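Participant: For reference, the chains in residue letters:
2 protein chains.
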Amino acid sequence: MLSTTARTTLGRSKERGSTDRNDLYDVLDTGLICHLGVVVNGHPMVVPTGYGRIGDTLYLHGSTGATSLRGGGESEVCVTVTHLDGIVLARSIFHHSVNYRSAIIYGRARPVTDPEERLAGLRAVSEQLAPGQWDYVRPPSRKELAATAVVALSLEEASVKIRRGAPKDEEEDYGLPVWAGVLPLVTSWGAPEPDPLLPEGIDPPVHILRRE
Amino acid sequence: MLSTTARTTLGRSKERGSTDRNDLYDVLDTGLICHLGVVVNGHPMVVPTGYGRIGDTLYLHGSTGATSLRGGGESEVCVTVTHLDGIVLARSIFHHSVNYRSAIIYGRARPVTDPEERLAGLRAVSEQLAPGQWDYVRPPSRKELAATAVVALSLEEASVKIRRGAPKDEEEDYGLPVWAGVLPLVTSWGAPEPDPLLPEGIDPPVHILRRE
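Line order of the protein sequences matches chains A and B.
If you count by the numbering used here, then the first sequence holds residues 1 to 212, one letter each, in order.
If you count by the numbering used here, then the second sequence holds residues 1 to 212, one letter each, in order.
None of these hints come from the bench; they were simulated from the model.
Treat the hints with care, as some may be off.
[Said to hold, decoys possible] Non-contacting residues of chain A with respect to chain B, defined by C-beta distances greater than 10 Å in every case (computed):
1) Asn-22
2) Gly-55
3) Pro-111
4) Glu-116
5) Ala-180
[To be verified] The calculated SDA-like cross-link candidates involving lysine to any residue, where the alpha carbons are at most 20 Å apart (straight line), are:
6) Lys-168/B to Leu-197/A
7) Lys-168/B to Glu-15/A
8) Lys-168/B to Arg-53/B
Note that the structure is predicted; figures quoted are calculated from it, not measured.
All C-beta atoms, glycine included, are put in the ideal place defined by N, C-alpha and C.
When you get a sec, could you build the whole thing from the sequences and use the hints?
Facilitator: So this is what it looks like as structure tokens:
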């Protein structure tokens, strides 16, 4: 079950809320980037960044110089992952909507200092964006590791919203001579584009070619 | 030219920054949703939502009951729009990256009360997600308009970051027998899915069928 704190109890569109922890894992595990929200000098700041999940912990990484991770000790963050699945075209402007799956996680970002957890966290972030690459390419050097900040965020306080399916129109609008339905948004991988500096004879490995 | 306040002057990856206002318009005009950051009780909150642009003003809408827009008068917000274009697969884990185009806008959200500007703002938000629909379906009723909050955000304080092209690896890694390049992420529209309640004989109009 997902938590039901004041922040994660949905005020509106309750029917779109999910309290199934597997829905949370699913939204996170099928995503590529998140939007990380922090408060800097009292103002909100939202930056896109990578993430990875191990069990009920989310890991984020960044340059040690990045403002968004420079909270100094623990800092309150909000991490949002959104999949946009389609545009819901209703019979009235008011009922236009989108089909989506989104997760919002609130909590304190904990700087990860333990070397083993740091490496595991970085691996999770890397494999989320580029599965199979951690064991395929050159691993991080000591210097590269030192330049990378890793923070952890518990998935304790999270909410999931999902909207699927056809528009919901006003009763009296169903008779209008207007097409209604969903225009699906499809995301797919293109053909791998080799680095112009790649020597001839090196083909992309299966984990890149066959990525789902 | 884009502004160069402390918040929008890039600290890192300066070579990815753009100061061309047309890049800002381009990132915004080709996006579908943004991530809106606000501060609620001192904590960051990031929610996905629609938006629309008219000149140098961004419009957002929401239910009048939504926490994210309930700032009460003007409130500081951050709006981020991100396009993820591909995964940059380098010869080392450290230089893995993503190709992307993102815009971050900071400012005070101004509640829009003037009826004409409200309607124009709502039209912009609607046309961004579902172009052509405003003139095709039933327009908003007075009651529906009253239930919708519209806020405006100036594009004065904005930054744009763009990364394109091949990985940048360490000199000594170029000799590794490792494939490197970009795995492009492609977003496209699927075939329109009619509402099961749609009467027979109503076909999708051209602006839906031929959407780019």
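Participant: Hint by hint, work out which the structure violates, then give me just those numbers in ascending order.
Facilitator: 5, 7 and 8
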